[in-house]
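Hey, can you work out the whole structure from these sequences and the hints?
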Amino acid sequence: DVKVTQSSRYLVKRTGEKVFLECVQDMDHENMFWYRQDPGLGLRLIYFSYDVKMKEKGDIPEGYSVSREKKERFSLILESASTNQTSMYLCASSFEGFSYEQYFGPGTRLTVT
Amino acid sequence: DAKTTQPPSMDCAEGRAANLPCNHSTISGNEYVYWYRQIHSQGPQYIIHGLKNNETNEMASLIITEDRKSSTLILPHATLRDTAVYYCIVRVASSGAGSYQLTFGKGTKLSVIP
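Protein chains in written order, with my numbering: chain A, 1 to 113; chain B, 114 to 227.
Among the hints, a few may not be true.
To be verified - Dumping the calculated DSS-like pairs for lysine-lysine here, alpha-carbon to alpha-carbon at most 27 Å: (1) K70(A) / K53(A); (2) K116(B) / K3(A); (3) K3(A) / K53(A); (4) K70(A) / K3(A); (5) K3(A) / K55(A); (6) K71(A) / K3(A); (7) K165(B) / K57(A); (8) K3(A) / K165(B); (9) K182(B) / K165(B); (10) K222(B) / K165(B); (11) K182(B) / K219(B); (12) K57(A) / K116(B).
Keep in mind that the hints were calculated from the coordinates and are not lab data.
Here it is, written out as structure tokens:
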């Protein structure tokens, strides 16, 4: 079974803190993705990566950065957390190629106070 | 990517077939139809996808109309564990980094009733 794991299920941070969300996949997938999910807005893509050290902006990259130093690991960084970044964050991975399904992690519910 | 329209909610009796419709009237010839679901407090889960022909796997069947403007996901024998939000996604089949994005709408909340 494909496994996508995320470092925390729940996280509480203060405004202005630097936040790291980690995602690891064990299926040697080339592509990795970070989404956020908010009530009434569905899932929105923040960033994705199609190879080590490669990244592309999604729909809502502002306030976020990413890092992919190893194929299996994709990190989402909030340089200075703000209350409007309180959300559910979902990581996903897939094989190279448009037709492959994306496998999602369990999500991290981040609260910024 | 083409826009999809799904009913916001549906009920289904346990053990019966659940038929979830999706309208994608502006779909173009190179766009696939994907279905994912999200059980409460979990990440989305891939179910099935197709281009023109009907598809079946161990989870579900996908019926796509001949004009490709709509499709139906069928869960043949719904169980309580199938209660979830089901998302129909239409996605262009092209190469390149920008083609991998999935755009999730609001989906259909399926409630399986005992």
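These are the hints, each one checked on the structure:
1. Distance restraint check for K70(A) and K53(A): the Cα-Cα separation of roughly 8 Å lies within the 27 Å cut-off, and the hinted pair is therefore satisfied.
2. Taking the CA atoms of K116(B) and K3(A), the gap is near 30 Å; set against the 27 Å cutoff, the hint is violated.
3. For the hint linking K3(A) to K53(A), the alpha-carbon distance of about 22 Å falls within 27 Å, and the restraint holds.
4. For the hint pairing K70(A) with K3(A), the CA-to-CA distance comes to about 16 Å; that is within 27 Å, so the pair holds.
5. About 22 Å separates the Cα atoms of K3(A) and K55(A), which keeps this hinted pair within 27 Å; it holds.
6. Annotation: proposed proximity of K71(A) to K3(A) holds, straight-line Cα distance about 14 Å (limit 27 Å).
7. For the hint pairing K165(B) with K57(A), the CA-to-CA distance comes to about 31 Å; that exceeds 27 Å, so the pair is violated.
8. A distance of roughly 30 Å separates the Cα atoms of K3(A) and K165(B); the hinted pair therefore is violated under the 27 Å criterion.
9. A distance of roughly 11 Å separates the Cα atoms of K182(B) and K165(B); the hinted pair therefore holds under the 27 Å criterion.
10. For the hint pairing K222(B) with K165(B), the CA-to-CA distance comes to about 25 Å; that is within 27 Å, so the pair holds.
11. For the proposed pair K182(B) and K219(B), the alpha carbon gap of about 19 Å is at most 27 Å, so the pair holds.
12. As the CA atoms of K57(A) and K116(B) are separated by approximately 21 Å, the hinted pair is consistent with the 27 Å bound.
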